[in-house]
Amino acid sequence: MKKTTDLPGDEAEYLTEGEIACLPDGLFERLPDGEKQTDVINRPSVSYWENARSKLMADPLAMAGFVVIALMIALAVAGPMIRPYAYDEQNYSVINQTPDGDHWFGTDKFGRDLFVRVAYGARISLTVGVAAAFINMVIGVIYGGISGFVGGRTDMLMMRIVDIIMAVPSLLYIILVMVFLGAHMHSIIIALCFTYWLGTARIVRAQILSIKSQDFVLAAKVIGESDLKILLRHLIPNSMGPIIVTVTFLIPQAIFYEAFLSFIGIGIAVPVASWGTLANDSLSNMNTYPHLMLFPALAISITIFAFNFIGDGLRDALDPRLKR
Amino acid sequence: MTADALLKAENLKMFFDIRTTALGKGSVKQLKAVNDVSFSIGKGRTFGLVGESGCGKTTVGRTILKLYKATGGRVVYDGADITGMGEREFFPYRRKMQMIFQDPYTSLDPRQPVSEIIGAPLTLHRLVSSNAERADRVRELIHMVGLKDDHINRYPHEFSGGQRQRIGIARALAMMPEFIVCDEPISALDVSIQAQIINILEEFQERFGFTYLFISHDLSVVRHISHDVGVMYLGNLVEAAAVNELYGNMKHPYTQSLLSAVPIADPVAARGRKRIILEGDVPSPLDPPSGCPFRTRCRNVLPVCAQENPKLADIGGGHIVACHNMLV
Amino acid sequence: MSGHLLEIQNLRTDFSIAGGVVRAVRGIDLFVDKGEFLGVVGESGCGKSVTMLSVMRLLSENATVQADKLAFDGRDLLSQGHKKMRRMLGDEIGMIFQDPMTSLDPLYTIGNQIMEPLRIHRKMGAGEARRRAVEMLDLVGISSPEQRLKQYPHEFSGGMRQRVMIAIAMSCNPKLLIADEPTTALDVTIQAQILELMKDMQAKFSAATLLITHDLGVIASTCSRVVVMYGGLIMESGSVEDIFYHPMHPYTTGLLSSISDVGDTGKKKLSPIPGSPPDLMNPPAGCPFTARCDSAMRICAKARPALAASETGVGHGVACWLTGAAAKGTEALAK
Amino acid sequence: MTKYVLKRLLAAAISMLVLITATFFLMHAVPGSPFNPGEQRNVPPKVLENLRSKYGLDLPVWKQYLNYMNSLSHGNLGYSFKKLNYTVNELIVSGFPASAVVGALAIVAALAVGVPLGITSALKRGGWLDWLSMILATIGISMPIFIIAILLMYVFSMKLQILPIYGYGTASHLVIPVVCLAFSPIAYITRLMRSSMLEVSRQDYIRSARARGVSEFMVIAKHGVRNSILPVVTYIGPLIAILLTGSFVVERLFMIPGLGRYFVTAVSERDYSVILGITIFYGAFIMLCTLLVDIAYAIIDPRVKFTD
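Residue numbers (my numbering), protein chains in the order written: chain A, 1 to 324; chain B, 1 to 328; chain C, 1 to 335; chain D, 1 to 308.
Just so you know, these hints were derived from the structure itself, not from any lab. Fair warning: there could be bad hints in the mix.
[As the list claims (entries may be wrong)] Stretches of chain D that chain A covers, calculated by requiring three or more beta carbons in the stretch to come under 8 angstroms of a beta carbon on chain A: (1) 138-146; (2) 233-245.
[Stated by the list, open to error] Distance condition first, Cα-Cα at most 30 angstroms in a straight line; then the derived DSS-like pairs of lysine-lysine: (3) B/Lys251 <-> A/Lys212; (4) A/Lys109 <-> D/Lys159; (5) B/Lys29 <-> A/Lys221; (6) B/Lys251 <-> C/Lys199; (7) D/Lys222 <-> C/Lys83; (8) B/Lys148 <-> C/Lys269; (9) D/Lys124 <-> C/Lys83.
Every residue, glycine too, gets a C-beta built ideally from N, C-alpha and C.
With the hints as constraints, model all of the structure from the sequences given.
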């Protein structure tokens with residue numbers, strides 16, 4: 001609690017007796033009802049989504065995140081096209097080059113162009129991230145939604161199953177599935193789908209349960225809305241915000257897992273270039289050619305940063321607790 | 001409590017299985033939220049249901065509207081037993097039986113504008129044939145509860161508690177029901193706003209002949225608005241009578257102490273009043289005392305009170321009391 | 001005027017929140033005399049709780065408090081440091097809050113929390129503090145206090161927790177007890193118990209009590225003097241008889257006529273106050289009640305009336321253009 | 001309490017059964033089992049056949065499963081298919097201590113740094129420390145552990161040369177691995193502690209502690225910290241699982257002879273019995289840790305009761 005200088009207009013609202021005597025006529029007449037400012041809402045009307053959008057637009061970090069992701073998408077789509085190299089094109093005359101005009105990010109020990117390889121990595125990372133997050137959202141929303149909406153024994157059984165799977169760290173399952181399916185991009189997505197939706201399912205269920213207990217759902221029942229209608233008109237629109245936030249955070253996690261698995265050698269196999277594979281490849285020569293590590297490492301970190309910033313921004317914009 | 005009752009609750013029971021959740025699985029206990037409650041409400045009248053938190057009064061209202069499936073007993077509405085009806089069969093009654101909620105902050109969907117909140121029941125029950133008609137009707141309803149055109153396309157969070165409660169009333173009003181459960185409709189509101197809502201409810205009863213089940217913990221408001229009053233304690237109806245009979249001649253020791261605990265806004269009367277201060281707390285409804293639920297706090301306990309839950313008995317003029325002291 | 005136990009002059013409290021500044025208290029004068037039972041009544045958001053929390057410096061960091069004078073028991077509170085202020089709390093000033101369910105730390109035993117002020121202010125040893133704690137629990141009507149001392153808050157009911165809060169507040173024998181909506185969260189029968197206990201405590205300890213509530217009934221049955229607040233300002237103040245039987249301010253009158261009376265046999269029509277309380281983020285100029293007032297005049301929307309002595313009773317003050325000096329002005333103008 | 005623990009153990013047993021069964025059948029369904037002709041080119045088919053019957057791989061899968069479950073019930077996880085002289089049990093016994101030392105140090109470091117940092121940034125909200133910890137937290141959450149590891153290795157071992165690049169045995173060998181493992185948990189605990197502290201400081205009981213004259217330091221130390229640390233305690237369970245992920249990277253990069261490195265090696269060598277065995281061990285270990293954390297929570301928070 002600080003003491004600050006007086007705010008303007010604070011004292012001035014009182015008049016002295018002398019001033020009262022000098023007041024113009026009519027001040028002591030009845031104030032007509034029409035001039036009373038009652039029940040008037042001055043602020044413009046905004047819906048939840050409009051409000052969330054303007055909050056998000058006002059968040060510089062989240063907007064920066066969007067820009068970075070847009071650039072990453074551009075890199076993934078156009079990157080390999082704007083350079084005259086293929087990602088697996090070896091050229092022994094230009095091995096381990098440092099960045100220059102021909103090879104923007106330099107070349108690796110086989111003379112492959114690192115820029116093109118990083119751009120390919122962006123394709124893989126973004127695909128894995130978005131695909132895994134989307135599939136898991138679908139599974140999680142359906143599973144958690146049914147569990148929370150139906151409730152009772154079904155809910156108990158479904159959640160017991162989630163508990164049983166969740167008791168074991170999902171990484172173990174992911175690695176097992178990778179071993180089973182082999183090192184491909186689609187195996188990573190499938191492996192992530194194995195356990196990844198559990199968290200989403202729990203959040204969706206909790207969300208549905210908490211909305212279900214709100215009086216407006218009872219009110220919908222009282223006016224005679226069917227369960228399906230209540231689900232579509234009330235439960236889903238109200239749980240959308242937190243679901244979007246959860247899914248946004250799933251993307252960087254999936255990207256992390258892909259990079260991690262590729263790094264420890266069971267993710268994407270050479271010669272296909274993923275950021276994790278590139279980082280792993282550069283390890284042996286790191287002391288001499290640090291740039292081989294730098295670019296993939298930067299790409300991974302920046303992308304995950306960007307998605308996390310977007311997620312934080314969305315959470316601030318969509319979090320109902322911040323609203324009255 | 002006349003013969004032309006619009007709504008009758010007969011031996012209504014609503015028990016919940018409560019899972020005591022802590023670490024581990026916990027055990028299931030039965031919570032007798034409503035235990036054998038009977039009353040009837042005459043057409044165009046207001047039945048006030050009073051009691052402290054956890055006494056089961058809200059559950060009574062919700063069970064009547066079939067938001068819960070009654071464990072036992074029946075609800076008769078306008079001569080028809082609605083207890084066993086399926087949702088489809090009950091659908092026409094949804095139009096006739098409405099509800100106003102306690103918490104104006106959670107009873108309106110935050111994602112829907114006022115026009116949708118009030119318009120939804122109109123569309124659902126085919127009370128309007130076109131969008132234009134619906135918009136007209138919504139405007140009319142908004143005006144009826146004292147709001148303005150400017151408010152129609154706004155979202156709930158932009159309103160104050162009292163304004164929200166008016167929107168809730170407009171939603172119930174939209175279908176021109178016959179019977180409305182008012183579940184603590186004013187307890188979340190400020191004093192100066194409470195009277196606005198009470199007056200709206202009274203005005204509509206006069207204009208449209210609504211029948212109310214008015215649930216409240218506030219004995220003064222219940223006295224003001226009700227024609228008949230029932231008092232609940234721990235899931236049981238302990239006393240019921242016409243309003244002036246009940247307030248003037250209360251028989252159940254719980255009702256007596258409840259009334260005497262109400263603070264009155266009159267310093268001289270308050271000073272001169274002899275108050276009965278009840279000892280202790282309301283027992284847990286999960287673990288109610290044997291026999292009469294009130295015996296643990298009662299001043300006039302008899303040996304029989306611990307053995308047997310007293311039955312409601314008419315002591316004349318429709319005044320019913322469940323107390324062993326009345327029977328001996 | 002130095003005889004007052006607590007004296008507040010021109011207190012203003014602002015909260016900076018996202019989107020603007022809430023002018024929660026906008027300049028109030030208030031005093032509490034030794035041993036009196038003062039009630040502060042008003043609706044939610046009128047600034048009644050914020051006033052007390054401002055004086056006790058218990059507000060969050062986004063609050064700005066200014067005053068011309070704050071004095072307790074002859075000492076100037078404005079010049080006092082945070083630490084000195086804190087040393088008075090729990091010792092000379094006891095406080096109880098609205099929600100007994102959340103006002104006790106769930107992780108510590110009741111005994112631990114009752115003994116806290118005793119050990120801090122009275123520098124008691126563990127044994128002595130425990131004896132005093134048992135005595136206090138017994139005094140507030142908690143049976144088998146020795147065992148209850150070892151229990152945690154969640155093992156107590158709401159009413160019992162409020163008794164514990166009272167025991168904590170009274171344990172150091174304070175000169176002033178501030179009770180902020182102490183019975184609002186409780187059921188009627190429990191509310192009666194707690195009010196009875198507070199009156200009892202008042203008689204035993206003869207501490208001045210300041211009761212903040214929205215419930216006129218609670219005020220009528222406990223207080224001797226009342227302050228009515230609205231929109232961050234004091235509208236009217238006086239003895240309970242003044243306020244309840246001779247209200248001068250349209251807001252007080254409105255409040256009294258909008259409550260239903262449990263003893264009323266006939267059906268008197270309630271006359272509610274129309275509209276809603278003002279938005280203190282953009283407080284209206286002039287009297288905050290103007291928009292809802294039946295007798296509002298043009299000046300009410302322009303300038304704020306000062307709290308002036310009324311003619312009906314000693315110490316009866318009203319802030320309204322219809323009364324006092326201002327009213328004379330009206331007559332003059334009417335001529 | 002005992003009943004609660006028993007119930008939890010029963011639930012854990014079911015989870016384990018699911019894990020073991022899933023792992024077992026997945027590992028046996030992988031195309032190209034060990035000792036198949038074609039996989040091992042230099043070994044005569046006769047020898048392979050002998051090996052297959054020695055390990056029981058010629059039996060139907062369900063019989064292998066029953067055999068495996070039977071030996072598992074005696075605590076025997078079988079032989080490694082690749083390191084032919086080792087049993088899986090021996091591998092675990094030799095690898096676990098190193099992993100445990102690094103992991104335990106990382107937990108201690110994460111709590112010792114994260115908790116105080118979270119508290120201070122909550123108390124001095126908007127101050128430079130708050131900013132610093134927020135930046136650190138964002139980095140810790142967004143930067144994959146292997147990048148942090150490589151960065152630290154590059155700076156401190158290769159360029160500054162003040163710490164060994166890899167190896168295990170002395171305290172200086174432990175510094176970078178422990179920092180790497182603890183980095184992301186520190187970030188998470190700091191954020192968790194900060195928001196929890198902010199939440200707690202808004203609670204009524206904090207205000208009423210102030211109102212009874214408790215000094216600001218004691219309000220924070222006694223009432224604030226204990227209440228706000230509860231979410232951190234619940235985080236310790238998942239934290240152990242996160243350290244597991246980290247250990248795969250760290251042990252591989254820094255050549256620490258731990259379980260994580262054996263596991264990654266086994267995965268790339270397709271040593272199915274080792275994968276199976278270590279997975280079971282990890283699963284059991286983590287479930288035990290989660291149970292202990294839950295019990296610890298109930299001791300700190302009197303509201304939580306062990307019901308049966």
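Results for each hint:
no. : hint                  : verdict
1   : 138-146               : holds (count 7)
2   : 233-245               : holds (count 3)
3   : B/Lys251 <-> A/Lys212 : violated, 41 angstroms
4   : A/Lys109 <-> D/Lys159 : holds, 22 angstroms
5   : B/Lys29 <-> A/Lys221  : holds, 27 angstroms
6   : B/Lys251 <-> C/Lys199 : holds, 29 angstroms
7   : D/Lys222 <-> C/Lys83  : holds, 18 angstroms
8   : B/Lys148 <-> C/Lys269 : holds, 25 angstroms
9   : D/Lys124 <-> C/Lys83  : holds, 18 angstroms
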